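One-letter residues, chain by chain:
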Amino acid sequence: MYEVAQAGLIAASYRDIPPFPVIAPASVEEAVAAMADAEAPVPYAGGTDLCGAVREGKKIGTLIWLKRLDELRGVRVADGTLSIGALTTHAGGAGADAAGAIPGLAEALSKLGKMRIRLSGTAGGNLMARHTRYEMSILLTALGGTAHFASAEGEADLTAADIWERAEPPRSLLTRLSIPLAGDLRLDYDRSLRPLMTQALARWTDISGRPQGRAVIATEYLRPFALDLELAGTDAKGIAAAAYEALPADFADPASGNDWLRRAGAAILARQLARLEAARG
Amino acid sequence: MAERLGPRFDLSFTLNGASVSVSTTTATALADLLRERRDGRGTRLACERAVCGACTVLVDDVPRASCAVFAFEVEGSTVRTVEGMAEDGELSPVQAAFADNAAFQCGFCTAGMIVLTEALLARDPDPEEAAIRDWISSNICRCTGYSLILEAVRDAARRKRETAE
Amino acid sequence: MNDLPPLRTIGRPDRRVDAGEKVSGQAVYTVDIELPGMLHAKVLRSPHGHARIASIDASAARAMPGVHAVLTRDETAAIRMPVYGYFIKDQPVVATDKVRYEGDIVAAVAAEDEGAANRALAAIRVEYEPLPVVTDLESASDPDAAELFEEPPVGIVPKYGQGASGELRPRKNVCYRFSYETGPADAFADCDHVFEDVFHFSRMHHFHLEPFVCVADWSREDRIELWTSCQNPFPVRKEIARIFGLAENRIAVRVPYIGGGFGSKNGCKSEPIALALSRLAGRPVRFCMSLEEGFLTNTQHAAILKVKTGAMADGTLVARESEILLDSGAYSDGSPLVAEKAGYRIPGPYRYRHIKSDCYCVMTNTAPAGPFRGFGGTQTSWACESQIDMIAHRLGIDPCEMRRKNLIDLSEPFVPGESGMDSDLREGLDLVVRELGYRRRHELADCGPVKRGMGLAIGFKDGGGVNKPALARIKVSTGGDIFLQCGTAEIGQGAHTALSAVVAERLGADRSRVRYMPVDTDHSPFDQGTNASSAISVMGQAVDRAALAARRQILDFAAEMLDCPADELDLVDWKIRRGNEAFPLAPMIMGYYGGTGWEFVGEGFHKAQSTHAAPLEAPCVFWEIGWGGAQVAVDTETGKVTVEKLFVTGDAGRAIHPLACRGQDEGAAVMGLSQALFERMIYDGSRLVNGDALTYRVPLADDLPADFRSVTQEQGHGPGPFGAKGMGEGGMLPVASAIANAIYDAVGVRLTELPLSPERVLAALAEKNGG
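Protein chains in written order, with the numbering used here: chain A, 1 to 281; chain B, 1001 to 1165; chain C, 2001 to 2771.
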């Protein structure tokens, strides 16, 4: 279930890449136009990831430098939806008042990466790197979030899970991540076993007032896997164990076997359920 | 209006308080631009993928891995490197604290750690222990086991506060 | 301890001599060296773990713009002896008939810049015929296993002393065996109990931040100038002379500051390729590997250690036999030397009547393993200190008492013919027990599924290297400026500081008067290398003697000038003191030697005296001991181990620079901590899964235990200047076993494989609880 690049046949360097034109659009409209017109456009924001990606073979035709697009920064709540601008840094998201709309979200964002990365790395860059080591997709999957893209063809969406399965629309730009604010939506993010295993738990109530939950388990080599929870009853361990029956038997990676991921994941999940229960008071 | 840069362009920025104007290319990393200069070798390159932080510099007061910053990004910006920390020829309080606490061994991560500490103390002059560990966890030191670095950061915070009083 | 007389420079908290340069960014490393017309080298590496090379076509690469030289087996055929290695010359400069691991170097290019070099490499066509791979230590010698070397490479077995022996190629896919035996084998018959246990040891990469890098200039036919990030400039000079057939006085090897090595920068790495390319191109060549290429160049030895120990019911140890398999990777590199040490150190710091050990270097289709901090001692301390605990529990004896009962006494030889123990081992153990609160461990509170426990361990190795000669020279100018010339490289350990301090102390000068001269084989006196924690214990003795020789000359000169016996005189701040009188030296020298002035030159030499009575042909220089203790919290639902307290202590003998000593112990301990808990190279067959900075996890500041402390003991028994012993490796040795022992104390399960991952803990708990 995991892929590993071949040993360094050639030690690629960022110095190998030939110079490229840079476009720094002043608005999303301009950015979309640049993505449509430029030769092999690559959007570029916080810069924490591209340098590694280039060494793994990513080509830059034209760099679309998004720095001036302040409209894509920040966290907002409107119409029952929380939006995280694609250029929001992890630190910026953690410090945004609006993040409080989902209890647990700000704290989760405040733990992503390390401080140097948190100050520059963006929500969009993290997601679009499609790196199993990165965390935004874990959070977004748990929270039932959607990634919104703009292109000359119009707007398009991908769910968090889709990101791993499908390419974004051609020549499109990720503009924001959105999370529907279902009733009393809360997040518990457990990094205590990182990088071996990371688990996010979202809990909300549906329109009929029934509690709903989704847990997402991820490892540094495996795409996040979502487990839907049956929250009837109050036995956290029972709920966790039942949910984990859905984890595929081949969900394992070079660092951890399935049995441990299953058992430790269920134990963590039970604690997360208890924490969320306690937090709801 | 969208701004455009050709593959080769003229770059102007402030480096350690002095104006710098150079002709460079869009594919040039800030780290390489700095290291080509006689006064920029203190910025060290190790992992070259923004993980280890040996090449950390301040770009408009934000600590960034300069291997992962294109030179064009600093147009009009203020860049500070380890060479720019000394004040009137004296080591900065952070540098002096690293020196006095032997918070280095091979020295390869030291410039990045010092720059990181400057950034931390600029934001939080009296950081809690958890904040110090959190910040210093941004960069890798393979030699010291970190304990002496953490002591140097605490010591530097004390020195800076005392100087400010 | 701590009642040693105060000295002027030794033991003072002065800044290290490299502090100013390193905190200001002025320090010069090999990566900073730039020569006019310098080209850049890059290499093409094998994507196969094991394959025959059918053909190499580099013609397109040769024709590419900016390319000045291409090196393949076609070019190395003209080199006098294009293979290298320590005891066994088996590693080709570039691959010839076969590739033996993923990452093996097949071709190299020197071009105007790295981009041009990499583009040229991409144009080289190599046809491989893949072969089956060997990755398993235990089945590597099976009849149906593939064979890495069908023909024996050139190799030597060094002369060993009493009880020790070595053998090249004792069996298929084993390049070397080291064995040691002492005492009667029938001692097992007298034992009340015999315990056999097997331990697995994981593999790390050194992860030195400065990559493997050199700048080679062989643009003139009979002159090589080489700047390299290398711990052993003189052995590398010798190896280059042999490979290329050049006289050693035609080769200058220069070592600026080294940005970390931890053992990896022993011996040839980047140098032969850069030199061969420089010769072909007629221009200087810089070869700087990426950090990822470091993983493919040198690693620690994974190991399987089978240990059989006989003991009496009262806990007295009687006999130990062991078999150790070291995963040496595809080329021998330093493996035979590591095998010597692993085979020799497996008894640990305890007394036995009979010891027998066999250590095998098993070749596999993985990156070459070589020297790594601890040098076999990490592997053996893991097994030894785990098993001592296991035996204590089996016999119902407190693990601390079990150790105390069997520890070698101060001055007692480790084995017959060896030097005596130069630390009071019980004193260090008692310190750990006190600092950790080990005797009150049963009072530790559990918290729901989280259980607490404590463990101890005593890491053990011989230090100072084997048969290691060192020379030093000290020059003192008319004005009292001191030049210290010796070959010890500053790799972070603080050697420049410590050695300068010794000189300053002996010459009654401020340390600032001493300049540590650049390491350059053309000018520095001979030294075997910066390794084995030997800087203060071996080179320190040479430097001390050189300083005393210079001092003697100065005092003799002054005695003649002042017409009095030299023993009435003292040297302080470049003045001669006689009673209450002070005589400045400069005018005396100028008056005697004429207006041009003079330099006093003192030389010093040290080598442990060879003797066949000592198993390794020379007695151990000093014993490097790392005592450690850990308190853990084990989450019995997830298996996660949190080290809440970690305490390590070493014995510096005399701490020449206490903060540098502390840094060595703590840096080593954190390396041990990460190996214990998570850090490892993960192989899937012959493919390294996590060979980059993002996925290979090294410890960060937030991995430190909440309570992490070290104490530098100064027991005063060391052989170095002022009673000093070496530092740098000891702190790593006890950590993994102390944590494993603490886990057992907490939850009653015994882990015998590193790392002590949550998965292994949980599996062991499940097994204990009946699945």
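Note that these hints are calculated values from the structure, not bench results. This structure is a prediction, so every number in the text was calculated from the model and none was measured. Heads up, some of the hints might be wrong.
As the list claims (entries may be wrong) - Listed next, the stretches of chain A that the computed footprint assigns to chain C, with coverage defined by at least 3 CB atoms under 8 Å from CB atoms of chain C:
1) 106-120
2) 188-197
3) 200-211
4) 262-275
To be verified - Ranges between beta-carbon positions, derived for each pair:
5) A:Ala33 x B:Gly1076: 51 to 59 Å
6) C:Asp2222 x A:Arg133: 36 to 44 Å
7) C:Asp2702 x B:Ser1021: 47 to 55 Å
8) A:Asp37 x C:Val2028: 46 to 54 Å
Stated by the list, open to error - Which chain A residues stay away from chain B? Per the calculated CB distances, all over 12 Å, these:
9) Val54
10) Lys237
11) Ala246
All C-beta atoms, glycine included, are put in the ideal place defined by N, C-alpha and C.
Violations among the numbered hints: As far as the earlier hints go, 1, 3, 5, 6, 7, 9 are violated by this structure, in ascending order.
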